[in-house]
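J.: Below, each chain spelled out in residue letters.
Number of protein chains: 2
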Amino acid sequence: MEPAAQKTNYSNLDLVDECDSFPYYQVDPDLYAASISTYYELRVRNHAYGIGYLLPSVAEVFRGVPNWDLNDADRILTLEAGDTAAERSAAVEQTLLALRATGHFKVLDKWRDELYAVYGRNKELLFNVERSAGPLFGVVMYGVHLTAYVRTKEGEIKIWTPRRARTKQTYGGMLDNAVAGGIASGEDPFESMVRECAEEASLGEELVRKGAKACGTVTYHHIRTEKAGGETKLLQPECQYIWDLELPKDVIPKPGDDEVEEFYLWSVEEVQEAMRKGEFKPNCALVVLDFFVRHGILTCENEKDYIEIVSRLHRKLEFPTL
Amino acid sequence: MEPAAQKTNYSNLDLVDECDSFPYYQVDPDLYAASISTYYELRVRNHAYGIGYLLPSVAEVFRGVPNWDLNDADRILTLEAGDTAAERSAAVEQTLLALRATGHFKVLDKWRDELYAVYGRNKELLFNVERSAGPLFGVVMYGVHLTAYVRTKEGEIKIWTPRRARTKQTYGGMLDNAVAGGIASGEDPFESMVRECAEEASLGEELVRKGAKACGTVTYHHIRTEKAGGETKLLQPECQYIWDLELPKDVIPKPGDDEVEEFYLWSVEEVQEAMRKGEFKPNCALVVLDFFVRHGILTCENEKDYIEIVSRLHRKLEFPTL
Numbered sequence: 001m002e003p004a005a006q007k008t009n010y011s012n013l014d015l016v017d018e019c020d021s022f023p024y025y026q027v028d029p030d031l032y033a034a035s036i037s038t039y040y041e042l043r044v045r046n047h048a049y050g051i052g053y054l055l056p057s058v059a060e061v062f063r064g065v066p067n068w069d070l071n072d073a074d075r076i077l078t079l080e081a082g083d084t085a086a087e088r089s090a091a092v093e094q095t096l097l098a099l100r101a102t103g104h105f106k107v108l109d110k111w112r113d114e115l116y117a118v119y120g121r122n123k124e125l126l127f128n129v130e131r132s133a134g135p136l137f138g139v140v141m142y143g144v145h146l147t148a149y150v151r152t153k154e155g156e157i158k159i160w161t162p163r164r165a166r167t168k169q170t171y172g173g174m175l176d177n178a179v180a181g182g183i184a185s186g187e188d189p190f191e192s193m194v195r196e197c198a199e200e201a202s203l204g205e206e207l208v209r210k211g212a213k214a215c216g217t218v219t220y221h222h223i224r225t226e227k228a229g230g231e232t233k234l235l236q237p238e239c240q241y242i243w244d245l246e247l248p249k250d251v252i253p254k255p256g257d258d259e260v261e262e263f264y265l266w267s268v269e270e271v272q273e274a275m276r277k278g279e280f281k282p283n284c285a286l287v288v289l290d291f292f293v294r295h296g297i298l299t300c301e302n303e304k305d306y307i308e309i310v311s312r313l314h315r316k317l318e319f320p321t322l
Numbered sequence: 001m002e003p004a005a006q007k008t009n010y011s012n013l014d015l016v017d018e019c020d021s022f023p024y025y026q027v028d029p030d031l032y033a034a035s036i037s038t039y040y041e042l043r044v045r046n047h048a049y050g051i052g053y054l055l056p057s058v059a060e061v062f063r064g065v066p067n068w069d070l071n072d073a074d075r076i077l078t079l080e081a082g083d084t085a086a087e088r089s090a091a092v093e094q095t096l097l098a099l100r101a102t103g104h105f106k107v108l109d110k111w112r113d114e115l116y117a118v119y120g121r122n123k124e125l126l127f128n129v130e131r132s133a134g135p136l137f138g139v140v141m142y143g144v145h146l147t148a149y150v151r152t153k154e155g156e157i158k159i160w161t162p163r164r165a166r167t168k169q170t171y172g173g174m175l176d177n178a179v180a181g182g183i184a185s186g187e188d189p190f191e192s193m194v195r196e197c198a199e200e201a202s203l204g205e206e207l208v209r210k211g212a213k214a215c216g217t218v219t220y221h222h223i224r225t226e227k228a229g230g231e232t233k234l235l236q237p238e239c240q241y242i243w244d245l246e247l248p249k250d251v252i253p254k255p256g257d258d259e260v261e262e263f264y265l266w267s268v269e270e271v272q273e274a275m276r277k278g279e280f281k282p283n284c285a286l287v288v289l290d291f292f293v294r295h296g297i298l299t300c301e302n303e304k305d306y307i308e309i310v311s312r313l314h315r316k317l318e319f320p321t322l
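Line order of the protein sequences matches chains V and D. Residue 1 is where the first sequence starts when you use the UniProt record's numbering, and the numbers rise one by one after that. Residue 1 is where the second sequence starts when you use the UniProt record's numbering, and the numbers rise one by one after that.
Treat each hint with caution, since some may be false.
Stated by the list, open to error - Think about it this way: if two alpha-carbon atoms lie no more than 20 angstroms apart in a straight line, the pair counts; the simulated DMTMM-like pairs of lysine to aspartate or glutamate are:
{"id": "1", "chain 1": "V", "residue 1": "Lys123", "chain 2": "D", "residue 2": "Glu187"}
{"id": "2", "chain 1": "V", "residue 1": "Lys123", "chain 2": "D", "residue 2": "Asp28"}
{"id": "3", "chain 1": "D", "residue 1": "Lys304", "chain 2": "V", "residue 2": "Glu124"}
{"id": "4", "chain 1": "V", "residue 1": "Lys304", "chain 2": "D", "residue 2": "Asp188"}
{"id": "5", "chain 1": "D", "residue 1": "Lys123", "chain 2": "V", "residue 2": "Asp14"}
{"id": "6", "chain 1": "D", "residue 1": "Lys213", "chain 2": "V", "residue 2": "Asp305"}
{"id": "7", "chain 1": "V", "residue 1": "Lys123", "chain 2": "D", "residue 2": "Glu303"}
{"id": "8", "chain 1": "D", "residue 1": "Lys304", "chain 2": "V", "residue 2": "Asp305"}
{"id": "9", "chain 1": "D", "residue 1": "Lys213", "chain 2": "V", "residue 2": "Asp14"}
{"id": "10", "chain 1": "D", "residue 1": "Lys123", "chain 2": "V", "residue 2": "Glu191"}
{"id": "11", "chain 1": "V", "residue 1": "Lys210", "chain 2": "D", "residue 2": "Glu301"}
{"id": "12", "chain 1": "V", "residue 1": "Lys123", "chain 2": "D", "residue 2": "Asp14"}
{"id": "13", "chain 1": "V", "residue 1": "Lys123", "chain 2": "D", "residue 2": "Asp17"}
{"id": "14", "chain 1": "V", "residue 1": "Lys213", "chain 2": "D", "residue 2": "Asp244"}
{"id": "15", "chain 1": "V", "residue 1": "Lys213", "chain 2": "D", "residue 2": "Glu156"}
{"id": "16", "chain 1": "V", "residue 1": "Lys213", "chain 2": "D", "residue 2": "Glu246"}
{"id": "17", "chain 1": "V", "residue 1": "Lys210", "chain 2": "D", "residue 2": "Glu154"}
{"id": "18", "chain 1": "V", "residue 1": "Lys304", "chain 2": "D", "residue 2": "Glu156"}
{"id": "19", "chain 1": "D", "residue 1": "Lys213", "chain 2": "V", "residue 2": "Glu124"}
{"id": "20", "chain 1": "V", "residue 1": "Lys123", "chain 2": "D", "residue 2": "Asp188"}
{"id": "21", "chain 1": "D", "residue 1": "Lys123", "chain 2": "V", "residue 2": "Glu303"}
{"id": "22", "chain 1": "V", "residue 1": "Lys213", "chain 2": "D", "residue 2": "Asp305"}
{"id": "23", "chain 1": "V", "residue 1": "Lys210", "chain 2": "D", "residue 2": "Glu156"}
{"id": "24", "chain 1": "V", "residue 1": "Lys304", "chain 2": "D", "residue 2": "Glu187"}
{"id": "25", "chain 1": "D", "residue 1": "Lys213", "chain 2": "V", "residue 2": "Glu301"}
{"id": "26", "chain 1": "D", "residue 1": "Lys210", "chain 2": "V", "residue 2": "Glu301"}
{"id": "27", "chain 1": "D", "residue 1": "Lys304", "chain 2": "V", "residue 2": "Glu191"}
{"id": "28", "chain 1": "D", "residue 1": "Lys123", "chain 2": "V", "residue 2": "Asp305"}
For the record, the hints were derived by calculation from the structure and aren't laboratory data.
The shape of chain V in the complex, shown without the other chains (with noise of 0.2 angstroms):
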């Protein structure tokens, strides 16, 4: 048998709606409701509003589990543990570390021993997750990327593109955006990006701290898919700040780590054939949408669905950001 065709043709949109895949109540409010009617709700004890979606057989798994409480009539998970961000965060600990041991999650044995913040309504601290965690509790987790550009003499602009080392646990062999990484509990959001220029593609503290330009967030609900490895159909909703680097001509991004396999100074013909093949990592797919749209290369005269587009770049998540 031929293996299925791989998708070739991928709109705009396709991109999209491949990486912000959690429905909207806008569209069809009944199905909507139908569709996370599905899920438990996370909560911390003595706060009375969601701060994740879990899968209900990641739900069952935390029944009588000492610090937690499954209300099954709601639909509502509660961690039970604690007053204080630090007391939450070691009854999590914890429990994933127990849940660990047995393997019962796939998600798990990507463990990368990386906090990641968990905040309220109020912008507190919740608790912290390791990151592998994050997509089981279905919180908001939070990342940092970089668009490095070039302008050449006639203006045209051209885009380093990274090609990911393909025995990267995630995504391998994908395009990515030129520095891209997840933003640890504490951490600001750009110092991460600094730090992650340096690791990701060798470019200088200083050049990156005076050029870098913030330019938006890129927001989305992922519900994954055997693309991100581990079990399917966890949620992760996901903040991404963003920046652009215009670069000097002279200075070309290098691998700095084993991550990138390769960089590709590509026109913005060359990006949107990628785009088009499905070649890049669904989220970096979105954040270089938002660059096109930014830099005026996406118009409403070039993309029917234009205004579409834009909303769906910035979705307002369903729980608190930070």
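Based on these hints, arrange chain D on the given structure of chain V.
T.: Just chain D now, with coordinates in the frame of chain V:
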């Protein structure tokens, strides 16, 4: 008695809240449901989805009117006339002319004789509607906004900021974006913007066509207040196409009609001070915020509500858009 003190210390999120004032499902689903349950949904025959929200007091007026069906059980007002945009438009016009003649709605006293387009899910034109009546139906309306700015030798940005004529029907005397206007049905957004640049700021066509850079859309769902004139609480979801135009230092925008009193060339700090004082027309304040985000002026370091603001500037509207 002293007049009520004018609010003079708007945060950026206050400015967003003032314009994007329709509730969000994500923030409180129950409150949202309770809130929209008071409205009537506007539909056209053979299209099973809403294209606008009407207040009950507005919907009531359509009871028993030819071409309209008011369904109280499901709270739906359906335009039953015709199967083509032309037939539907004629029926809408006929009804609105009759309503105008009775003087029933204050917003119709500002009849503009401009037709605006209402689109369906397949981006097809469903019907045209007189501009001043848009908020009665709560349908999505479209406009263009352009920010004209100058970059000083030191790289500092200065923003051309007009003050609306004090005699203007709506928001008289408030600050505006350099160029802004509505898009008539059938008009191309870019051509609409070029035309407004000539009319409102005396900017030459060649300069604008060459220099204006498309930068996305700003979308919001406004609940009208007394500031807009006419009935309050009417719903006004809007999509503004956005352009930036960096002007040479020797090009001075000049009012080309009687809509603008004067143009100021203001530093970012001067604009920010006027924003804090609430001097900008509400939707123009959002366009300024979007400009600040894209130009690295508003960042996650100096704006605690950064993520929320960036999302809210790009609301996914409740109804189909072009």
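J.: Taking each numbered hint in turn, which are not upheld by the structure, reported in ascending numerical order?
T.: Those not satisfied are hints 1, 8, 9, 10, 18, 19 and 20.
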